[in-house]
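Please work from the sequences and hints to get the whole structure.
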Amino acid sequence: MTQRNGIRGTSDRYLHSEASEVFKEANDMEKVQEANGCESEEKQSGGEARDSGPVAGAVTAPDGGWGWVVLIATIMVLALTLAFPSCVGIYYTDLQNEFHASNSETSWVPSIMTSVLHAGGLGFCFSFQPAVTILGHYFVRRRAFANAMSSTGTALGLCTLPFLGNYLHTEFGWRGSFLVLGAVLLNCCVCGAVMRPLQPSRRRGQPLMNHGPPPPDEDNDRKEKGPVRTIWSCLLATLSKHMAFDQFCNNPRYCVYAIGITWMMLGFVVPLIYLVPYATAHGMEQSRAAFLLSILGIVNIVVRPPFGIIFNMPWFKGRHIYVFAFALLVNGLSNSICSIGPGFPVLLAYVVIYGLSMSVVGSLMFTVLMDIVEMSRFPSALGLLAIMESITLLIGPPLAGVLVDRTGQYYHVFFACSAVVASSALFLMASFSLLARKERKALQQGQPSTPADPSIEVAPGCQYRSVPTEGDRDKASANGAEYITSV
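Every letter in the sequence shown is one number past the one before it in the UniProt record's numbering, and letter 417, counting from 1, is 417.
Treat the hints as calculated values from the structure; they're not laboratory data. Incorrect hints may appear among the rest.
Simulated restraints on C-beta separations [as the list claims (entries may be wrong)]:
id, residue 1, residue 2, range
1, Trp68, Ala442, 41 to 47 Å
2, Thr93, Cys255, 38 to 44 Å
3, Arg141, Ala349, 35 to 41 Å
4, Gly283, Leu426, 32 to 38 Å
5, Lys438, Asp246, 36 to 42 Å
6, Ser233, Val352, 35 to 41 Å
Built from N, CA and C at the ideal position, the CB exists for glycine as well.
Listed below in structure tokens is the structure:
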């Protein structure tokens, strides 16, 4: 009996010790798995992994490769869309004589065209805005250079379309010219065909099926909320996803930038519309006046690529907005040159100075927007900005036409545009300087303030993470926060 109990006690102690060892091994394995999970998260977020690829499900910006094809397509799209409304000035006098309209009435033609181009529509809008957005997803490290190169498309259009429009106007008149130019604009469909979406990367061994918890039952939620609240919540969710109202209210940089650009557009494109009528009204030949627009395009083509390389240097990081505002100030003040006289040398000097400043403005306009909002919100931020600026683009040329009808002189338009554009530049300079000073003061006092760059967002796993590019997948990230510049 004792021996049996002893044997039973010995076996119980053996089983108890064996079970303890099993539980201990399981606990150790669980700790190892947790450690491996944390280590893999650190490798993914810090870029310390040598043989691991990009984060599963993340879209890697190629910064080259097929991105160069997308860049060429974007250049062609901008050449055909943004430059076309500026060339309507060649047909301005013909439209005015054909329909017996005043300057304010005729100016609605380029005004509505430019406004719809930015606000929405089935033509230019579906070509222009997606091209700019898609290009931002293909380039991260070389984004400033890519934006500068794409902006040369506008210069290319300004250089070639006036010659083409003047030739078509001589041969076919304004009606036949519009038919031929419409056929030329159909090449935007070809450019859109090469813009392929980027595919998210998937880590080797990642399961194809989702073994997580099932999604919540949406039908029950809809029944509990009711039809009215369901429709309202869906509407708010859609607006929050596709529009940037939250960015406009919570991101002071985006708010200031949107207001400044909206005010700038009231007088930014008007000089290009009235340059040819101003020159021809003082006896200049139509072909020579159209040549001024071509010179403006040539200046932009020559200058924008070097500016793109320069602005991509590390020294300009965080200073893009100030360079942009200074160039905008020069652009606004250059409109006053036209008041000296309508001679060809004076207007030639005007288009050269205007073209140089316009090159900087065009190179940095989308770069600054990508700096102040995260790339995942860039399409919605660009959409809201385009809707806001379309309002001033719509009323700018008609107001200029009213000014010409009342005064009988074109140079008053250039004076008004000079004041509007220069004031918007001063507003941007002062506002961003005050925001930067406020943040430095808050950091010195140790108080939380508005982030220096709203593109920073917290990634899961206790540290910041930037989207990897093919050029720096193997680079280890430094300690601290990094900017998220793409999705």
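Going through the hints against the structure:
1. Trp68 to Ala442: 41 to 47 Å: holds, 42 Å
2. Thr93 to Cys255: 38 to 44 Å: This hint holds: roughly 41 Å between Cβ atoms.
3. Arg141 to Ala349: 35 to 41 Å: Given range 35 to 41 Å: holds, Cβ gap about 38 Å.
4. Gly283 to Leu426: 32 to 38 Å: With a Cβ separation near 36 Å, Gly283 and Leu426 satisfy 32 to 38 Å, so the hint holds.
5. Lys438 to Asp246: 36 to 42 Å: Since the Cβ atoms of Lys438 and Asp246 sit about 21 Å apart, the hinted range of 36 to 42 Å is violated.
6. Ser233 to Val352: 35 to 41 Å: For Val352 against Ser233, whose Cβ atoms are near 55 Å apart, the range 35 to 41 Å is violated.
Violated hints for the displayed structure, listed by number in ascending order: 5 and 6.
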